[in-house]
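Asker: Mapped onto full-length UniProt numbering, the consecutive letters of the sequence shown carry residue numbers 1 to 1215.
Hint data in this document are derived by calculation from the structure and do not stem from the laboratory. Hints should not be assumed to be uniformly reliable.
To be verified - Restricting the straight-line Cα-Cα distance to at most 20 Å, the calculated cross-link-like pairs of lysine to aspartate or glutamate (EDC-like) are:
1. Lys537 / Asp554
2. Lys143 / Asp162
3. Lys962 / Glu299
4. Lys687 / Asp645
5. Lys1015 / Glu142
6. Lys374 / Asp354
7. Lys629 / Glu665
8. Lys537 / Asp483
9. Lys1015 / Glu141
10. Lys601 / Glu586
11. Lys921 / Asp903
12. Lys310 / Asp346
13. Lys143 / Asp109
14. Lys1032 / Glu586
15. Lys629 / Asp597
16. Lys263 / Asp354
17. Lys670 / Asp284
18. Lys580 / Asp851
19. Lys629 / Asp645
20. Lys195 / Glu208
21. Lys388 / Glu438
22. Lys263 / Glu382
23. Lys828 / Glu850
24. Lys374 / Asp390
25. Lys687 / Asp903
26. Lys315 / Asp291
27. Lys921 / Asp851
28. Lys580 / Glu850
29. Lys643 / Asp597
30. Lys388 / Asp366
31. Lys687 / Asp671
32. Lys388 / Asp447
33. Lys752 / Glu933
34. Lys263 / Asp331
35. Lys629 / Glu860
36. Lys629 / Glu586
37. Lys752 / Glu382
38. Lys503 / Glu532
39. Lys301 / Asp346
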Amino acid sequence: MLPGLLLLLAIGPIYAQQPDIEVSSYTKQKTISASRSVTLKPGFHVPAGDTLRVFIDGGLQHCVDQIFQPSAYQNYILTRTFKVPNVTAENIGVIRKTCEENQVIQYFDGLGRPVQMINVHGSPTFRDLITPVAYDAFGREEKKYLPYSGTLATSNGSYKPDALTEQNSFYTTPGTTTGWAAPGVTAIPNTAFSKTIFEASPLNRVLEQGAPGAAWQPAATRTTTGRTVAVSYGSNNDLIDYATTGLAVRLYSASPVLAEAYKRTLSGTGYYGANQLYVTISKDENWTTADGKAGTVEEYKDKEGRVVLKRLFNKSGTTIQVLSTYYVYDDFGNLSFVLPPGANPDAIIVPTQDVLDNFCYQYRYDGRKRLIEKRLPGKGWEFLLYNKLDQVVATQDASQRAKAPQEYMFTKYDALGRVVLTGICSPPGSVANISQREVFQSVLDRDTVLWEERVESGNGYNGLSSPHNSFITTILAINYYDDYSVPGLPTIPPYNLSGSYSKMLKGLPTVSRINVLGTNHMLWNVQYYDDEGRVVKTLQQHYKGGEVSPDNYDEVTNTYNFPGELVNSTRKHFVLGAEKLYVYNELAYDHQGRKTDTKQKTGDNSATTNPMIVLSRTNYNEVGQVTSKELHSTNDGASFAQKVDYVYNPRGWIERTSAPLFATELKYEKDSAGLIPQYNGNISMQKWGINTGLSKAYTYTYDKLNRLNSGVSTGNNNEQIGYDVMGNITSLQRHSANTLIDQLTYSYAGNKLNTVTDENTSNTDVSFQLPGATSYTYDLNGNMISRSNASYAGNNLAGITYNILNLPATVNANGALIAYGYDANGGKLRKQVTGAVNSFNEYISGIQYEDGVMKFVSTEAGRVVRNSATNYSYEYALSDHLGNGRLYFDMNAGVARKIQETDYYPFGLGIQGTLSGIENKYQYNGKEKQDQEKMYDYGARFYDPVIGRWNVVDPLAELDRKTSSYVYVFNNPLRFIDPSGMKGESTHTDKFGNVLAVYNDGDLGVYKHDDAKTKKDIEEKPKASTSRGGKKMGETLMWNSFTEFDGSEDPAGKIDFGSFQARGWLDRFNNSIEGATDNLGNYLGRMHYAINGGGNDPYDYKTQNGGGMYAGSQISEGVYVSARDVGNFAAGRAAAITGQSKLDFMLTAGGFNLSGNSKFGIVFRTTYWQNEARKIGAPAFGEHPGSNFFQRLGYENVTTSQGMMKNSKRIWDLR
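Whole structure, please, built from the sequences with the hints as guidance.
Answerer: Here it is as structure tokens:
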């Protein structure tokens, strides 16, 4: 470790958290601070124009000595994280402060099993944070204990022999001085653990999984206790009484079509034989024996481990409703059809082609098992085309095919497989709606030039790979890597500052150009790094006034401290060369890296004398949960305008937030009159008001699929909702102050909405659905293009057109003409409304202009409104658990003043509130309200709260094929939000990057929580959003990259957010492979894998990185992978480079795993182990699914989610 540390020291340290500092030279640092003194030595010089802040901060003394006294006769591993520079072999033993060094010690028993983990002085009051571990008689971790903070007297890292007793005592009386003096910690007496009931067999399968709290402990009956997740195992039978004992499964086939090798037809009228499929049955915490099968989930797998059926059960009255989703594979193991419940796949009649097109997912593959055509419900066929490297070169959707000439989206790569160019091409002479895929593919099959190379002219690339320049009509994006030698990069203002920043750029994106859709305008974006690979400066061109000028740009400068925490950030906004906005943010952290303060200064330019404001201060309890957040201080935190307090239940779910102006309370399992207890995270009641009285309330009910059935409020603003088997809303009844407003009935063609009929003819308020029938029409991609009511035109929409990203470009809203502008990444740039009232909004990364005038800048707590050069007023949003803006306040004569208040119906429609001044339109889920369309803009698509649906197909619809892709947040809008309008999976860390929680929730984002210490802290926000209040740092490529390898899905690992270690290691790995091997082919490739692919071998990055199996870093900009992922990626990369066929490599890797990683077996018993792998079959062939996935990504050299989506067919083929 020391050489790495010394290398870090040599590259321009950031001086902080030391009592006395002497600095001899200026190295572009932005801040120099100490707790006692700063000495600038002779010769220290800061050039004119640079900004340096030197200050003394007594707060840096708020640390204690890092005292470590390991227990004698205990096995342990001590991890020391240094937060200051100049640690050497000579002084490593010096006692440092807790703000200078963090220590984590893990104790092990004689069998090498962890028994206790201690974060030394890890609590806010410098107590040890202890996580005890215990095992049952079979060596299983039957209970997983919540961490607790020890006493001050024993907080020295020593082993705690009575940890289990102490932990129980801590959670029994956490907030009392006679107990553990841990205010803000929820009392969980005798049950501060998650208990697992295992199957009594060598398989040790989980039968029940409990959670902290008395209600969630395993028990003989499921009443107010015993509310666990229960699992049972078995096999199918041949009974078709699905509602009771039936476990029969229809046997479908994807049959070849004569003379059309890549096409398959759906066939099959029989059933699987009894005991031919494995069945897993799951029941969530709400399930009781009285429910029978209602609320259960059955998953059926064949002998190759492929899921063939998922069956859910709902209850409608006394009738059990069966919702089955079938997965049908072709003769090569490719997924060919997915038959959701809307196709009625349990019926003996095979779904017709019309049913397939409206409800089902259809896939076609070429002879190399690459996905070449797919059709999603409600959309036309989409085509994918490949080069000889199996990289997706072009895609085409149905709308592009309907044009003359036809259009394709293309992608070009460099020799390392990195995306360098994207755009639109049009083969000349192509006729509308006539497939040209095979013709285009044949051209690609003959190509000999497969990648682009850098040149010093034109756009910087030679243009020799397909599609050729003569076919290209529009360049959408150009990406440059490794250096700043880019043709045309502006020099005035100085976009090219490469001489001032790191030269260690191999593998890093440096410059990009992005198209403004519908124009030939391209915007520059330049990123500069320090030697740690952290972005320290960006220069980003903007589109203010629709003008592309090098003088229109934003400059952002970031400063990090030694451990890599962002300590300040400066943004300068230039329009035509003049500085128009200056925003300076400063962040403070405690000794554990938990963010405490965010400060901001805003003005017209960097010379502003406007005061520094403390936007927010966050306070924590002993186990690191956020207990309060204070908002707006003008006296450096001596007092604040509002303080929001947080209270949690034993599961860590938020129970109450309270501020003087606005407070909420959520009920889950706690039974009250008229409430149905919800043990699984559904919310049974929401109350709100001011903190001295919660006068308003909603009570909620759900069906057995956790879909909201009703929301009844004290103000009689009620909604009742009904659904079909696909989750489409079939009826919605809405009241306003006890008056029936909407009585809606929905009709569909597949999942696409045909009409919504409002049978209530008395209401003509355009805020609601209008009386009579409103019709909806869609384009070939499933995008809504009109909304029309013949009798009441107030909410009519017509002439909706979409750009290539399926984002709205133009809308006629009952005569108001709306034009949207976007860049090619989907970022909204402008919205212009022409009609009775004209308006023009421009969006520049959080800065918003209205009619040419800067109006406000978004902040982490709300926004700052520009009134004049010297008058910027701060506005704050007090939100509920969903991130809905409920009450907004500003400052008036030093006192918080309410300026806006909004309540919402359950599905997001606003209830009339109060407004004083200019409306903040960022409201429901924090998204911008579109007044003309009566929708909210989520980024990827628009949401209509009047009818509770999205208006276009989910871009990630294939992640949840059992539900309509127009359904909003699983029809549970009290528990979930959709941050962008797409689905995915999320990873959550503390401020240091320690992974605390991972959720399969539809968001691949990685979120850092400066205010979280444990998973329990994260659990407070699951119902709010997939970000759960964290700062998005990037994304993963697979949701369980940072979960335990044992299948438990427990979070694991630590992510170094500033590190590109994974990318650097892979670059060196690639170079070594390319330089040391030739085209080995299959036999030598297998030997090469066997020699290098085992533990501690060259491909085993997890034993080389110094951080273990789950150490995380970036494989590409903003994409985080674990060390385990990197090793598997490297194995796949090596196979591709050395010429081993993909199928042979998959069989080798699978066989190697099945053999127990036997080198002898895979080299000398190749046929046997590959045959064993074949028996298990695709996709993993006996390899761990996560390992197989990254091996596939490595083989195809795919390192981004965009590349993963574009190349999904290539990734899963087996050429």
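Asker: Decide, hint by hint, whether the structure agrees.
Answerer: Hints and how they fare:
With a C-alpha separation of about 10 Å, the suggested pair Lys537 and Asp554 falls inside the 20 Å cut-off, and the hint holds. Between the alpha carbons of Lys143 and Asp162 the distance comes to roughly 16 Å, so the proposed pair stays at or under 20 Å and holds. About 13 Å separates the Cα atoms of Lys962 and Glu299, which keeps this hinted pair within 20 Å; it holds. For the hint linking Lys687 to Asp645, the alpha-carbon distance of about 15 Å falls within 20 Å, and the restraint holds.
For the given pair, Lys1015 sits about 18 Å from Glu142 by alpha-carbon distance, which is consistent with the 20 Å threshold. The straight-line distance between the Cα atoms of Lys374 and Asp354 is roughly 15 Å, inside the 20 Å bound, and the hint therefore holds. Between the alpha carbons of Lys629 and Glu665 the distance comes to roughly 17 Å, so the proposed pair stays at or under 20 Å and holds. Taken as a hint, the Lys537 and Asp483 pair is honoured in the structure, with Cα atoms around 15 Å apart against an allowance of 20 Å.
About 18 Å separates the Cα atoms of Lys1015 and Glu141, which keeps this hinted pair within 20 Å; it holds. Under the criterion of a C-alpha separation no larger than 20 Å, the hint pairing Lys601 with Glu586 is consistent with the structure, at around 9 Å. In summary, the hint linking Lys921 to Asp903 is supported, as the alpha carbons are separated by about 13 Å, within the 20 Å threshold. Only pairs whose Cα atoms come within 20 Å are accepted, and Lys310 paired with Asp346 is accepted, the gap being roughly 11 Å.
A hinted pair counts as satisfied when its Cα atoms are at most 20 Å apart, and Lys143 with Asp109 qualifies at roughly 17 Å. About 18 Å separates the Cα atoms of Lys1032 and Glu586, which keeps this hinted pair within 20 Å; it holds. With a C-alpha separation of about 10 Å, the suggested pairing of Lys629 with Asp597 holds against the 20 Å cut-off. With a C-alpha separation of about 17 Å, the suggested pairing of Lys263 with Asp354 holds against the 20 Å cut-off.
This hinted pair checks out: Lys670 and Asp284 have alpha carbons roughly 17 Å apart, not beyond 20 Å. At most 20 Å may separate the alpha-carbon atoms for a hinted pair to count; Lys580 and Asp851 meet this at roughly 16 Å. Of the pairs offered as hints, the one joining Lys629 and Asp645 holds, with about 7 Å between alpha carbons and a cut-off of 20 Å not exceeded. Restraint check for Lys195 and Glu208: the C-alpha separation of about 8 Å stays at or below 20 Å, so the hint holds.
Restraint check for Lys388 and Glu438: the C-alpha separation of about 15 Å stays at or below 20 Å, so the hint holds. For the proposed pair Lys263 and Glu382, the alpha carbon gap of about 14 Å is at most 20 Å, so the pair holds. Between Lys828 and Glu850, the direct Cα distance comes to roughly 14 Å. Compliance with the 20 Å bound is thereby established for this hinted pair. Restraint check: the Cα-Cα separation between Lys374 and Asp390 comes to about 17 Å, which is no more than 20 Å; the hinted pair holds.
The hinted pair formed by Lys687 and Asp903 meets the criterion: a straight-line CA distance of about 11 Å does not exceed 20 Å. Restraint check: the Cα-Cα separation between Lys315 and Asp291 comes to about 8 Å, which is no more than 20 Å; the hinted pair holds. Proposed proximity of Lys921 and Asp851 is supported: the alpha carbons are some 16 Å apart, at most 20 Å. Between the alpha carbons of Lys580 and Glu850 the distance comes to roughly 15 Å, so the proposed pair stays at or under 20 Å and holds.
Proximity of Lys643 to Asp597 is assessed by CA-CA distance (about 14 Å); at most 20 Å being required, the pair is judged to hold. Annotation: proposed proximity of Lys388 to Asp366 holds, straight-line Cα distance about 13 Å (limit 20 Å). Proximity of Lys687 to Asp671 is assessed by CA-CA distance (about 15 Å); at most 20 Å being required, the pair is judged to hold. A threshold of 20 Å between alpha carbons decides the hint, and for Lys388 with Asp447 the separation of about 8 Å falls inside it, so the pair holds.
Between the alpha carbons of Lys752 and Glu933 the distance comes to roughly 19 Å, so the proposed pair stays at or under 20 Å and holds. Between Lys263 and Asp331 the alpha-carbon distance is near 12 Å, which keeps this suggested pair within the 20 Å criterion. A threshold of 20 Å between alpha carbons decides the hint, and for Lys629 with Glu860 the separation of about 12 Å falls inside it, so the pair holds. For the proposed pair Lys629 and Glu586, the alpha carbon gap of about 17 Å is at most 20 Å, so the pair holds.
Restraint check: the Cα-Cα separation between Lys752 and Glu382 comes to about 18 Å, which is no more than 20 Å; the hinted pair holds. Restraint check for Lys503 and Glu532: satisfied, since their Cα atoms lie roughly 11 Å apart, inside the 20 Å limit. Between Lys301 and Asp346 the CA atoms are separated by roughly 16 Å; this keeps the pair inside 20 Å, and the hint holds.
Violation of the numbered hints given earlier is absent; every hint is satisfied by the structure.
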